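Mind docking chains B and C on chain A? Use the hints.
From first to last, the protein sequence lines stand for chains A, B and C.
All residue numbers for the first sequence refer to this note's numbering, where the first residue is 498 and numbers rise by one.
All residue numbers for the second sequence refer to this note's numbering, where the first residue is 20 and numbers rise by one.
All residue numbers for the third sequence refer to this note's numbering, where the first residue is 2 and numbers rise by one.
Please keep in mind that the hints were generated in silico from the structure rather than gathered at the bench.
Among the hints, erroneous ones may be present.
Distance windows between CB atoms, simulated [said to hold, decoys possible]:
{"no.": "1", "chain 1": "C", "residue 1": "E48", "chain 2": "A", "residue 2": "L548", "range": "17 to 27 angstroms"}
{"no.": "2", "chain 1": "A", "residue 1": "Q565", "chain 2": "C", "residue 2": "V40", "range": "37 to 47 angstroms"}
{"no.": "3", "chain 1": "A", "residue 1": "E604", "chain 2": "C", "residue 2": "T227", "range": "49 to 59 angstroms"}
{"no.": "4", "chain 1": "A", "residue 1": "Q565", "chain 2": "C", "residue 2": "V456", "range": "25 to 35 angstroms"}
{"no.": "5", "chain 1": "A", "residue 1": "V552", "chain 2": "C", "residue 2": "Q570", "range": "23 to 33 angstroms"}
{"no.": "6", "chain 1": "A", "residue 1": "Q554", "chain 2": "B", "residue 2": "Y81", "range": "44 to 54 angstroms"}
{"no.": "7", "chain 1": "B", "residue 1": "M215", "chain 2": "C", "residue 2": "H120", "range": "32 to 42 angstroms"}
{"no.": "8", "chain 1": "B", "residue 1": "Y81", "chain 2": "A", "residue 2": "G558", "range": "53 to 63 angstroms"}
{"no.": "9", "chain 1": "A", "residue 1": "L541", "chain 2": "C", "residue 2": "R101", "range": "49 to 59 angstroms"}
{"no.": "10", "chain 1": "A", "residue 1": "Q584", "chain 2": "C", "residue 2": "R210", "range": "42 to 52 angstroms"}
Covered stretches of chain A (chain C as the covering partner; in silico rule of three or more C-beta atoms under 8 angstroms from a C-beta of chain C) [said to hold, decoys possible]:
{"no.": "11", "region": "526-537"}
{"no.": "12", "region": "563-574"}
{"no.": "13", "region": "578-586"}
Chain B regions said to be covered by chain A (calculated; three or more residues, Cβ under 8 angstroms) [said to hold, decoys possible]:
{"no.": "14", "region": "47-60"}
{"no.": "15", "region": "261-271"}
Quick caveat, the model's predicted, so the values are computed rather than measured.
The beta carbon of each residue, even a glycine, is placed where N, CA and C say it ideally should be.
Here is how the chains run, residue by residue.
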Amino acid sequence: MSVTWQKRTHGVQRRQEAFDRALARVFLGGVIVITLLGSLYLALVATNTRLSGKVWQMEEGIAEWQRQNEALTVEIARLSSIPVLIQRSIALGYAPAANVHYLVLPEP
Amino acid sequence: MVSKAKTKPVHGDSLLLVTVAALLSLGLLMLYSATFYVGVDFWHQQLKWVALGLLVMAVTAYFPYTILQKLAVPIILGTIALLVVVLLFGNTILGAQRSFEILGISIQPGVLARLAAVIYIAAWLATKGEQLHQMRYGLLPFAVILGVLCGLVALQPDLSIAMLLAATGMLMFFFAGGDPIQIFLSLLIGGGVFGMLAWQLTHARERLIDYMAALKDPSQLSYHALRSVMAIGEGGVGGLGIGSGRLKTGYLPVPHTDSIFAVIGEEAGLLGALLVLGLFVYFAYRGYRIALETSDPFGALLAFGVTTMIILGALLNVMVMTGLVPFTGTALPFFSYGGSEMLVTLAGVGLLVGVSRGRPKGDWNAILDRGWRNWRARLSRGVRRTGFAGH
Amino acid sequence: MLRNPESRLRLISLLLIALLLLVVGQLVRLQVFEHPRYVAEAKQMLERQYSLPAAPMGKILDSNGALLVGNLPVFEVDAYLERTDETETAIPELAVILNRPEAELRTALTFPETYTGTHVWAPLARDVTSDTLRQVRAMNLRWVTITPTWKRYYAEGALAAHVLGFANAEGYGYGVQAYQWRLIYTPPEFSAGAISGQNEPLPEEVARRSVTPVPGVNLRLTINRTIQAYVEGELDKALVEYQAEAGTIIVMNPQTGEILAMVSRPSYEPSRYADYAATNQSALFVDPAISKAYEPGSVFKLITVASALDAGLVDTNWTYEDTGMLEYGGVVARNWDRAAHGVQDLEGLLARSLNVGAATLTTRVLGAERFYKSVAAFGFGQLTNVELANEAQGLVHMPADWDWQDGFLVTNSFGQGIAVTPLQMAAAVAAIANDGVMMRPHIVAERISSDGNSVLIAQTPIGQPISAEAAQTLTELMARAMETRMKQATVPGYRIAGKSGTAQIPVSGGYDPDDIIASFVGFGPLPDPQVLILVKLDRPAIDPLLRWGSQTAAPLFQRIAARLFVLLQIPPTE
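Extracted from the complex, chain A is given alone in its bound form:
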């Protein structure tokens, strides 16, 4: 009969297959090792990238806070500016003093 049939039924194939399977096991081991190493490396790189993305975001966040801070400073200054103080004093019932005499008192 043919070589192939003989191989199949007379053990030659079996031996070939057994060898193939052993080889496959070795290759599989290699694949697993390489995959593990690769994924470790990739995880590192990915973490790095993620962190730097965070850094950039935080820096943009700082800039945003800065803007808000300045806006608040301006608002505070506006509320304590002289014209506003005068307005608020008048609203509270104070009147601009016309004649002011200062008394000199001894220090307690």
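Quick look at chains B and C alone, frame taken from chain A:
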């Protein structure tokens, strides 16, 4: 006749499985690298697809593949129905209706059609035998079948899958024993039809024109090709390092699907690309070896068809990414993100493993008697012009 | 031959291998031979400029930390249009939000007919506040770009306008902001590095540099906003009362050189400086206190007497015969009342403000060399280097100059024929007040950087024009002169030294016959003067007999001094 020697069940081709395992792991690794920039959702989804695919592969590997020969007609009719459904009701993305959703899962019948076509063609060719040489029973019906399938796919429009379908079919026809002259003529006609079709469809025509221009002057390559070529070139021999690819951050279109080979080229360099190509080559070797060693014509054709389907898909993607072929959107098997693609590929691999395990116990003797004898008998009579057609 | 599966497969494999070799060849070509080219191309594509968020400019604070100039975060709204962008539907709403006429907006947003480029950039609005911006953002237009930026905010409106000044993006301008531009301004930073497709820097770029903008340095001034506001109010009232064209008041501490207030009229609103420039009123920006020199008149007699005292050539017992006129070098000096006053000593000279006496001192006692040495020592003809932009040097004719005439020695003795800035005058008199040590007049008290570090600006003496003895003698003379002949400038409870001046204004060919510049310089309380006030009124238009320095500037000085003693909590000394 046959000895009553007890034949132990044959195990599937383990080296093939290891190769597929290697390709899958590399695929997952590279997909993670290509997508982590925008989030891990893609990767998680792909993991699920791979898991599901491995399940499917296990099922199809132990599945008695000969049943498929009987089921071939319903399979192909079902596929044609799905293709029609997608044309009528499909979601239009980028001007193409390629997928539709059932219960939230997107199904791409075009990809499914490739495997279904392989099964059907294998079944059809296996039954033809000697008649393959007669146009009436051979080429013509075949051309009709292939034409219908490709046409339905091309109407989506998805010329690349149609092309792959046609190529796979033609190669299977040739392997089964088809007359080379007939094949050549049909290639001419088919090529002509394809060309006319491409000319009609505007974006395909544009791509062809761009391609012609790019052959003369590489800087005229389409945008996508330019970027992928740049990415590959930037990799050099050693690559930039896995994960350190730069163009995937928004300059390389779709790095997670079509362009993943460019990412490989950029990050793993020439060595990485050659490794991946080498794995595919070894996969082809194991697959074709299975096809040759199978005693059953349907099994052989099935193995040949599945291997060719996968290899041609990979080849086309790589050729597009390196700028050798005008741009089409195809996926790299085992690597690109996409459920349909992965499931179909792994199902095909499962069938391959199933074929490599040998025919189911019951029919062994029968086929051994008939098909095997007739097939091998051809060897000694090299003058006759038939292959294993005509058993 | 071809007729069994193996050979057919072989053929097919050959075909596939051929294609594969093609691919491998292409890979080798790309990644080995053309590798440098692609590396360069990728680099060119990735490495672009990207702008960092703009840093706020340094703030200006008053001496107590109240904000005078701050930063308002605003936005610039621009359009970056591609040819295919549809703008028509958005224009009416946008016109309302941005407060621009529709037609203007439409022309700005249309692609010019002959334009061949792919994009057009058009500015839409500047200084957009966050409320308006919210509305613009809500419209969700793809072609609108929003850039965060800053606008200078003047918390007290027009207060201390000349001192604060303003500066444009190149640093050109007026006041302390222009002078200290490099401190308070951080230019917008662009970095060139590898960027992702979403315009975010790649990790290697983020690691390379920090992109946090560093704000400018804040400046705390010596100016006290309460005093400044009060003095500005007083000057405004005085301009009305005396119908003067313009005026300047400087309040400084003679012992430290700190300027507590510096007011000039007419003034402007620094937050709208572009409007003034557009209507040709940029002359308002110039600060008369430091940039406009004038002939000081009788106040300058202090320098003359100081010089003589310092040279040791005269003392409190020295006298001279005032005949009502003195001629020298072709120039005749006469007293203000054209009268002769007989025998006068230094106190009389100062109290009665006798030109003849001053001229006697320069021509008969000092001589040109000694006199001008003192003049230079007092800083006239030179910059004080106060931290304000566009300071003028004034004009002092020295004997060595080509246009020297002997007559200058006469006229300079009583402050005519010589041009000084009000700050120079104040600083010089401050030296007299400070035992002869001249402190550098300065506006900036402290520099505070954004990380909290602060640098106190040291108070530096820049010279000793006269000895301490001479200074004390002169101070005593000035005080006595005030007590006898200028009670309208004295403040009850305090001892003050001062001198008034009524100077003529030079016009082409001579002097203006009618208008004068009335001024007064005084300091107190003696013996530990903490306040020096210079008052200058330009061309008071009231009755000519009532517009003398002693009648206009002196009473104004008194009002301000009295109030300042209270504000600064200086108790009466007697």
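Hints numbered earlier in the text: which of these fail when held up against the supplied structure?
3, 5 and 11
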